[in-house]
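Colleague: Spelled out from the first residue to the last, the chains are:
Number of protein chains: 2
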Amino acid sequence: MLDKLKIGIAGLGTVGVGVVKMLEKNSVLIAKRCGREIVVTAVSARSKDKDRGIDISDATWYENATDIANDDNVDLVVELIGGHEGAAYDLCVAALKNGKDFITANKALIARRGYELAQLAEENGVTIAYEAAVAGGIPVIKALKEGAAGNEILQISGILNGTCNYILTAMKETERDFDVILKEAQDLGYAEADPAFDVDGIDAAHKLAILTSIAYATPVNFDKVDVTGITGISLLDIKCAGELGYKIKLLGVCKKTETGIFQAVYPCLIDAAYPLAKTDGVNNAIFIEGDFVGNIVLEGPGAGQGATASAVLSDIIDIAAGRKSYTFNIPASDLTEQKFANANDYEGEYYLRINVLDRPGVLADITDILKNEGVSVESILQKPAKSSEKVDIFGATHKIDEKTMIKAVAKIEKLDNVLNKPTIIRILKS
Amino acid sequence: MLDKLKIGIAGLGTVGVGVVKMLEKNSVLIAKRCGREIVVTAVSARSKDKDRGIDISDATWYENATDIANDDNVDLVVELIGGHEGAAYDLCVAALKNGKDFITANKALIARRGYELAQLAEENGVTIAYEAAVAGGIPVIKALKEGAAGNEILQISGILNGTCNYILTAMKETERDFDVILKEAQDLGYAEADPAFDVDGIDAAHKLAILTSIAYATPVNFDKVDVTGITGISLLDIKCAGELGYKIKLLGVCKKTETGIFQAVYPCLIDAAYPLAKTDGVNNAIFIEGDFVGNIVLEGPGAGQGATASAVLSDIIDIAAGRKSYTFNIPASDLTEQKFANANDYEGEYYLRINVLDRPGVLADITDILKNEGVSVESILQKPAKSSEKVDIFGATHKIDEKTMIKAVAKIEKLDNVLNKPTIIRILKS
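Top line first, the protein sequences correspond to chains D and S.
For the first sequence, this note's numbering begins at 1 and goes up steadily by one.
For the second sequence, this note's numbering begins at 1 and goes up steadily by one.
No wet-lab data here; the hints were simulated from the structure.
Check before you lean on any hint, since a few could be wrong.
In this list, chains with the same sequence are indistinguishable; a pair is considered to hold if it fits within one copy or across any two.
Pairs of lysine to aspartate or glutamate residues, derived as EDC-like cross-links and limited to a Cα-Cα distance of at most 20 Å, are as follows [unchecked claim]: (1) K25 to D51; (2) K414 to D58; (3) K50 to E24; (4) K4 to D334; (5) K324 to D416; (6) K421 to E37; (7) K25 to E152; (8) K21 to E152; (9) K21 to E289; (10) K32 to D334.
Only chain D is shown next, with the shape it has when bound in the complex:
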């Protein structure tokens, strides 16, 4: 058997404690599977005295996380602090410079500093691994980098945020409003006290940026993710979408297009045949289309102590067993800046809902504008609004480019009997 692998863990929150528990409970099978023992030789966290229900008495305690990277008794640094600057970043840089492999669950760090860190890892001949950073317990980084390694990736589409998927699912199933469900999700621990990071799509965007870089060999570029969250999705739109045969999901999507790499997080309507349509509740799911493999879908828990710890362990065991890969699947020096498509350089079907005063001729006015602007309508329905004077006209279009759609909607908005800015949401078909 090889020498023990000595790991230092920075951060003993939910995930850090999960990792230690997993190493304790499954130590025998883990040692067999990677051919060596794994021992925690150093730890760092905020409070030394807190009872976490784990035994870390044999590990050296550091007040300052970065010191773990300077401990000669540590081969591998596991960062579970979070954030893309400060302690997590400093620790990563120190670990790589000291020739230590680095594992993290930190999506912000990889999405915002990943390119620079990948270069640094390469210069120092060490490995960065981050399975836990995308979709929690689902081994999607491994599936994409290694499982689909022979494929050109045609597209990736993912339900990457469990909080948003829970909220959208619960709104649909219980017919209650966003605010009510959000509060419930917070009480259940599915949403943070400050939910902005999740519901505004930032968390999903971090994950998507990482997947895009792996798939398209481009430096990871979080700033180029076009992000729309779910705060604008009303129960009414969920109901109307349902009547048209669709669910609304927050998806992260990347694919190569003629105008560049499309990389966006946005709520959209998907029909029952779409590969991710069946994933409800807090689960995450990722749909990968490769030129040879076709469509594969991976579904599972995107968060939680056990699931995230499992992903961290997968990385630890890989490194213990000598299984390594480039940070973004090819050498960092080969990653090349590519053009990203403008968010509006998009063509597809659209869901449209217009709140109007119920007057003769209003539907005709709307359909005239759509016709004149070249927007072909697949279906159009009408639903009484709460006030008896008002109705919602909603429907789905055929394929059209987004700029045309926006132009048509701007004209509709100016009609006398149209009461608000019309809602448009993309429809995604497989």
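We have chain D already, so just place chain S on it with the hints.
Modeller: Just chain S now, with coordinates in the frame of chain D:
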């Protein structure tokens, strides 16, 4: 960059040709992802002159596949011949003995000879990889061995045969009989001319035996898979199951039980909440439950040129990049014979259907027997049979051990108005 990896391919059928095409089309990205070029230096197949639409003019042609293993210009042998004896087996042994890594898509070879071959690989310090042998393009071997490496596996359940899943799905959706759908599947290329291997569950059993060995560290043991195929599943049972809220699927299931490892392929009823309930048509899907990760599900194409070639490429690229693992996840010398549970050492809910003459008292006679034998009924329904004199009584039981269920059914069969041997099918709940 490292030296080129030189591979020899034995078998240029659908999959072999797919592998060569993939290496041709995606050569640039593959070389970047594994850090070296991959070249086909040797091939062997039945007919040298057949036009396969690929260029193999630079590779040495061998009439005898085993000669590939003796070619010094081959680092890695890819076996795509099939079968667990003869050419495929001989080639594998020769490759391992000559210190060459060995990749195969051959589930029969691994399920029936895998333990012996794993030992031989270990003695010779080389690697056997077989991602393509289980569930085609779905990277399930990788997900189980590496992605879930830190977990104790609590259970695996899989739709492992696309032909059977297609047939069962089509029977339900189109309400046509097994024979009609089988013929259609053969015409579509989803089923072989001799369908026994698929519909009798043998193919799924090969795959399950491999998964069991990885999950439970036991020598792979195909003979200990309890196998029931789908030929006994009637359209009537599919309809009755549907009325009770279930689908019928052919599943391969392994888990640890008090009486040993349960390892069986069988048709069963699953409800909409079961993780594999959503997988219809020719797709495969695998549900893995780990003690930390919880439930993950992987779904995708279980067969076909591109999907299978993609899995073979995943193994080739892993070996090219130096990523290796033990054949069955731990050293072959550590695999230990374990007790397998008897197929009847099973406890669960059951579907029951009894074809009877519609006479007063027949239902009471049946429910009396069930009650006296301790079988608690969850629901019981009645359906007119084709002849007006006959009805089908069907329903679901609460949890009961299989021996009791079989005993009760044997008594029911002897009742005067019961016309055939009653049908019982297990119900699987998540």
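Colleague: Does each hint hold? Answer for all of them.
Modeller: The hints, checked one at a time:
In the homo-oligomer, the alpha carbons of K25 and D51 lie at most 20 Å apart inside one protomer (18 Å), although the nearest pairing across protomers, at 56 Å, exceeds that limit. Taking the shortest Cα distances, K414 and D58 never come within 20 Å of each other, neither inside one copy (71 Å) nor across copies (68 Å). Only within a single protomer do K50 and E24 lie at most 20 Å apart by alpha-carbon distance; the minimum there is 19 Å, versus 58 Å between protomers. Taking the closest pair of Cα atoms, K4 and D334 come within 20 Å of each other only across two copies (19 Å); inside a single copy the shortest separation is 34 Å, beyond that limit.
Proximity of K324 to D416 under the C-alpha cut-off of 20 Å is found in neither arrangement, the shortest distances being 63 Å within a copy and 69 Å between copies. For the homomeric pair K421 and E37, neither the shortest alpha-carbon distance inside one copy (62 Å) nor that between copies (56 Å) is at most 20 Å. Proximity of K25 and E152 under a CA criterion of 20 Å is satisfied inter-copy only: 9 Å between copies versus 39 Å inside one chain copy. For the identical chains of this complex, K21 and E152 are inter-copy neighbours only, at 13 Å across copies versus 38 Å inside a copy, given an alpha-carbon limit of 20 Å.
In this assembly of identical chains, K21 and E289 lie within 20 Å of each other by CA distance solely across copies; the values are 18 Å between and 36 Å within a copy. When the C-alpha separation of K32 and D334 is checked against a cutoff of 20 Å, the pair qualifies only between copies, where the shortest distance is 8 Å, while the shortest distance within a copy is 36 Å.
When each numbered hint is compared with the structure, violations occur for hints 2, 5 and 6.
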